[in-house]
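**Q** Generate coordinates for the entire structure from the input sequences, incorporating the hints supplied.
There are 2 protein chains.
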Amino acid sequence: MAQKILILGGGFGGMFAARELRKRLGGRAEIEIINNTNYFVFQPLLPEVGAGSITAMHAVSPLRKLLRGVRVRKARISSVDTDRKVVTVFQGVQRRPTEVTYDHLVVALGQGVDLTRTPGLADHALTMKTLDDARRLRAHVLERLEHADITALPEVKREALTFCIVGAGFSGIETAGELGEMIDRALGDYPNIKRSEIRIVLIEFMGRVLAELPETLATYAQKTLEDRGFEVMLNTGVKSATGTSLETTTGEIIGTRTIVATIGNTPSPVVQEMPLETRHGRIAVNRHLQAQGAENVWSLGDCALIPMKEDATERGDFAPPTAQFAVREARCLAQNIEAAIACRPLQPFEYTSQGALASLGAHRGVAEVWGMTFRGYPAWLLWRAYYLSFLPGFRTRITVLLNWFIDGFSRSTVQIRAEDNNGARYVHYRAGDRVFEAGNRSDGVYSVISGAVELRIADPETGEERVSRIGPGEIFGDRVIFGKMQRTGTVRALENTQVLVLRREEVAKIATGFAPFRDYFQRHMKEAYGVEWNPEDGIGPDR
Amino acid sequence: MAQKILILGGGFGGMFAARELRKRLGGRAEIEIINNTNYFVFQPLLPEVGAGSITAMHAVSPLRKLLRGVRVRKARISSVDTDRKVVTVFQGVQRRPTEVTYDHLVVALGQGVDLTRTPGLADHALTMKTLDDARRLRAHVLERLEHADITALPEVKREALTFCIVGAGFSGIETAGELGEMIDRALGDYPNIKRSEIRIVLIEFMGRVLAELPETLATYAQKTLEDRGFEVMLNTGVKSATGTSLETTTGEIIGTRTIVATIGNTPSPVVQEMPLETRHGRIAVNRHLQAQGAENVWSLGDCALIPMKEDATERGDFAPPTAQFAVREARCLAQNIEAAIACRPLQPFEYTSQGALASLGAHRGVAEVWGMTFRGYPAWLLWRAYYLSFLPGFRTRITVLLNWFIDGFSRSTVQIRAEDNNGARYVHYRAGDRVFEAGNRSDGVYSVISGAVELRIADPETGEERVSRIGPGEIFGDRVIFGKMQRTGTVRALENTQVLVLRREEVAKIATGFAPFRDYFQRHMKEAYGVEWNPEDGIGPDR
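Residue numbers (our numbering), protein chains in the order written: chain R, 1 to 543; chain D, 1 to 543.
Wrong hints could be hidden among the right ones.
A pair counts as met if it fits within one copy or between any two copies, since identical chains are not told apart.
Claimed, not checked - Straight line, CA to CA, 27 Å or less: simulated DSSO-like cross-link-like pairs of lysine-lysine: (1) K157 - K4; (2) K85 - K239; (3) K239 - K484; (4) K309 - K484; (5) K239 - K129.
No lab work stands behind these hints: they were computed from the structure.
**A** As structure tokens, then:
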């Protein structure tokens, strides 16, 4: 009876593993891939999606088209039982759990992001891992330009036009480069923004950019970006982040409304919960790509720690987490699974890098291929040619080409809204920060989680100011819930403070459903303002 | 000193009014347009965006590019003071109100959607007014296909593959037609879905489709869709909607996970609050497009009721709410504002329709132009040619053409997630509906707003069933908040029931911020399950 091979994850490792396995085993094995999206993301193009030179839909290919003959299951992985050899998933809106069995399991779940170690970063930074991240970044940056063009407040404009990218590896450098080009080209549409008002800051913890490339190219890349006006801060980390600023480990505070974090890799929760031996958060596999701790479990790509020689110890002894290696790992893995099924001996993974390329945006790049180095325009052309040839799926190649063609003569500044979340959100403030001031639009009820704020309200009659301190567990800005859409008082953070913000309609909805919540607010509004509050009045969009 | 002309709304009426005014007055007037997006949506292409033949970004044009010399302000309109001649807006994340003054105000805010008159419809139907609506529809339909392809449950599959479109005017017919083509073409990627399993239902309250077109063409359109397997229900309205079904006024219950409502036009809140005379929810203007009730206020497009002759009374006596008319109204309006400024006499709006076109998808259409009627392929070609020529902005024309070209040989089934909302949501059930059953994934805590449900839990030891009735104000499914991600009991609706659902993480976040909410749940969990609940544990994505 045909062996069932189940692949978790549809990135470079997983998608190419599925392809190779299908090629080698054809109908002799049942191959299934589980992924949380129905498409394959060509990671190297994400910065271009974020900068709008390629539309999101045209930058990715449907897994079903790339993997004919492979069963594609768009689902969320809930748990893996390596004893029963069963993976439990939830698919679609369907809430009944679905069990998928396997004979061989391939774990290719890549890496997630965890920014929680830096105060405020997880709540205020954008990331660049997924297609949605890239779309969100583009919408966010255009929103800043729209705002900067029409605001009359210099401070707001300065913050809106300052963009911080954290991490200067491939992802950080390419994101910064593409972003810079996008903004340059957009300025024609924004008559009130001067080129000199744009500030792009690259913050790198290590002593150099592009650690993956030779020193000379890294230096060239840094110089190219600096010549274009970018600031590069080396040996610098992020100490904390808020909605309006970033504090570096060197003590500098940068006023900004845009923080893009390309750091903080972490294993996916599914991997963490599997009974597999891991090191540095990656699955420890042998040179045959077999995981330790469970039977018939294999792993490749960013989530696996793959030794390139016996008793590997140094960072350099292991396969780097790049697309180039993942694709080769996929070949070796398919070969070994076929061998394992046929009880033939397995081969160790061996591969030497063909080189590395990075785009710097604005038709500039750096590349090292087969020992030769390229820079500037040739390197950029090489970059595009290489990735175009590398891009799986004929259709995607065509559409990416056409997008580049369109982009050649003009780039759209259309701002398509990215996901928005109406739920509760945490916001961080630094001591002294303004939370809001009298006359501001009310965006919700605030509750202090930690720290403390100071509320000043001028008495309508006497005009004298009442000052009160609000600490953990206390709420403020609560007039909004009975429809007062403008703030009556001014609030500043007395310490580093974290608050929870609940939109007006959210408060009203929850009050219609949860009596204690409603009772609390009704009592509170009665005592504090003598108002009878009816939650139903709060339902409907804010104005 | 130059007159300041302020235009509210960047749709057909507003955008073309701004263009005409700029053309006529050049630098002699200061022209500003305020819109809540930074782009102009070519409404007739929305169904194609919803069906993925054109990507969202390529279907629209930046207002700033279309309106050189006009100040473009992306902002939310808060209020209009026609005495002080001031419009108050909120722009960007900036929470300070901004006041914009005017000498002449042009109101071109179109129409909004209000589905609240039909129980459940507002909470469970998709709409087709905005670009985001179109993107959401596409993502929603692809999600249904992905799910239908892999589910083992026939009932779930049937609901997933049934699509209801409410309203069979231009928007409804074109949406249905494009949707049908999209699904047909996508099926190649979904091996487990048979063409015969797809059900598309058009529900129209009136006795015929496409009321805007001659009977003969409407009949042809209906027949074309029926030949392609669509069901058309005439003289039928919607009585109620839930997440899994739609009930018609004729008493039929259709199991479906997709309801698209193209009905329910309503004036925008801003218009409602202005001191203007309105009729049938539209601003009553005179034949010169001047609004009654305020000085120097003009209106055009869908939000205006424009008489085409003296003492107009019949529906036919007023300008129809179509793009074609809006564009001509814009010309007349610009001419009249120029005349008003120069104290010259005003001209009445006069225009006779050149005809009407509708696409039926799959290379079929209907058209009536200059008295001639076209149908089938020629009409579809005419439709594309007409709208392409009508499309403002050279770049957009090119990109739309290239999209059509790409679409010619293949259409992507990539599902890009549309907005998602983590906030509280209302869900409606019909008496007898299953809410959830034991083993299901827990999606949140439920609270009964109206109606009643029945909860059955089998005792783990004895296996005997405890049955309880849960009514308004009571909650269920609360084990989820201490991390029990699978349901232990089965719940059915005893009556027509509305519940509020709060996601697990949302409950936890709110509990960290609002003590009474936390205390209530902590007490409740202790009493009901003897568990000490710590909200912090509930923060992080569900698994």
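**Q** Next, verify each hint and record whether it holds.
**A** Here's how the hints hold up against the structure:
no.	hint	in the structure
1	K157 - K4	between (58 Å within a copy, 25 Å between copies)
2	K85 - K239	neither (44 Å within a copy, 48 Å between copies)
3	K239 - K484	neither (37 Å within a copy, 36 Å between copies)
4	K309 - K484	neither (67 Å within a copy, 44 Å between copies)
5	K239 - K129	within (22 Å within a copy, 44 Å between copies)
Checked against the numbered hints listed earlier, the structure breaks hints 2, 3, 4; every other hint is satisfied.
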